[in-house]
Each structure stands twice: as C-alpha cells, then as structure tokens.
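Put together the whole structure using the sequences plus the hints.
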Amino acid sequence: MDRRRLWTWAAAVVVIATAAAAAGQEKRLLVGMTLVPGAASTGAVCLDGSPPAYHLHRGSGSGARGWLLQFEGGGWCNDAPSCAARAGTRRGSTRLMSKLEVFSGVLSNDPARNPDFYNWNRVKLRYCDGGSFAGDSEFRNGSSVIYMRGQRIWDAIISDLLTKGLAKAEKVSADLISTNLYTFCMFSTNGMLLVSAWV
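When the letters of the sequence shown are read in order and numbered with mature numbering (1 follows the signal peptide of the UniProt record, and there is no 0), they come out as residues -22 to -1, 1 to 177.
Errors might be hidden in some of the hints.
[Said to hold, decoys possible] Once the Cα atoms are required to be at most 30 Å apart in a straight line, the calculated DSS-like pairs of lysine-lysine come out as:
1. K146 / K77
2. K77 / K5
3. K149 / K5
[As the list claims (entries may be wrong)] So the derived label-pair ranges between C-beta atoms look like this:
4. P59 / A90: 44 to 54 Å
5. S121 / S76: 28 to 38 Å
6. A42 / S121: 45 to 55 Å
7. T67 / G21: 16 to 26 Å
8. P89 / G143: 14 to 24 Å
9. R91 / S121: 48 to 58 Å
10. V123 / P89: 40 to 50 Å
11. A90 / G66: 13 to 23 Å
12. D94 / R6: 17 to 27 Å
13. T141 / S121: 46 to 56 Å
14. D88 / S60: 18 to 28 Å
15. P89 / L13: 23 to 33 Å
16. R118 / A90: 45 to 55 Å
If you are wondering where the hints come from, they were derived from the structure by calculation, not from laboratory data. Since the model is a prediction, treat every value here as computed from it, not as a measurement. Think of the CB as a built atom: it goes at the ideal place given N, C-alpha and C, for glycine as much as any other residue.
Next comes the structure, spelled out in structure tokens:
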C-alpha cells in the first residue's frame, strides 16, 4: 500500500472513530443560575449571607406540568468553626458557585438518556446552608455572622418556583442526594405543597 493510500485510510479511521465517539456523547446542557429574589429580606440566606439559588430548565410538551427537583448534596458542617470555614466556599456561598451548571443524567433533556424526565421542568436546588435545607438559626462571633437558614431557603425557593409553574404541577418528583436525610413532600392535585417534613 503506498503512503498516500495509507494516510487516506488512517484519516478515514480517525473521522469514523471521532464521529462514533461524538454520537455516544451527550450534548452539554448548560443552565444558568437564578438567585431567589427577595430571599434576603426574609432571612433566607446562605452561610455567608448571600441569597439562595437554583437552576431551572423549563419543561415542554407532555412534560410541561411535570417537575423534578434535585437537591444538591455536600454534607453538613458540624460546628461554628466548620460552618465558618464552609461559608468561604461554594458550599456556603452563591457568590462562589458556578453560575452555569451542566444538566446531565436525570436532569438531561436527551430523551434517549433520560426517557422519564427529559421534557419535565427540571430544577437543581443549590446547597449553601450546611444543614441540608433544615434549621433556622445564626451564630454571631464579634463582627462575623454565620447563617444556618436552611428551612427559610427551602421556603423561599419553593415559593419562587410556585410562581413559575410549580403551583400547577400535575407530577412532582424529588431527587435527594443525601443518604442520611430524606424529605417527604405531599402535593395536592393542583401542585400546591401541602406537607414538607424532614425524616
């Protein structure tokens, strides 16, 4: 085989391999961050006092009234020093979080990879309170304050989502990341949150 044919054959193999790899990869769906408006005025703030946030990708077609809520994981801070340390990281401040999140897996909009929820309203709730969306206290040490306001953050995010269509939901699913904490949510047929409890 002469050199020209060898290079042509090698180039064809590279093109085919690249095309096959691209076909097997999911397109990256980047979703922007939404800071909850007015949350700070109700005391719903992250450890450092920044406003809470979520990422929402709107549903469409038959999934327009379906809602999937994914709670971001990240463990707990255990005491005032560990919570103060966390307040200076993306786990305690929306100021330090990525403003764009890749929606993949259960948050994907690819029907081949996510046949159950691809066209639902999919929400990633950002985690910044150090207590898995539970608690309502603060710790003051001189001029510094650490806010542990997970319950207020939960209330603020859900209230905001209710105005964006969650109130008219026909189907709701929650995807928790934590293995030690579970939430129980009961929604009425019109999507209104009736009960929310941590177990």
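Q. Hint by hint, which ones does this structure get wrong, listed from lowest number up?
A. The structure conflicts with hints 11, 13, 14, although it agrees with all the remaining ones.
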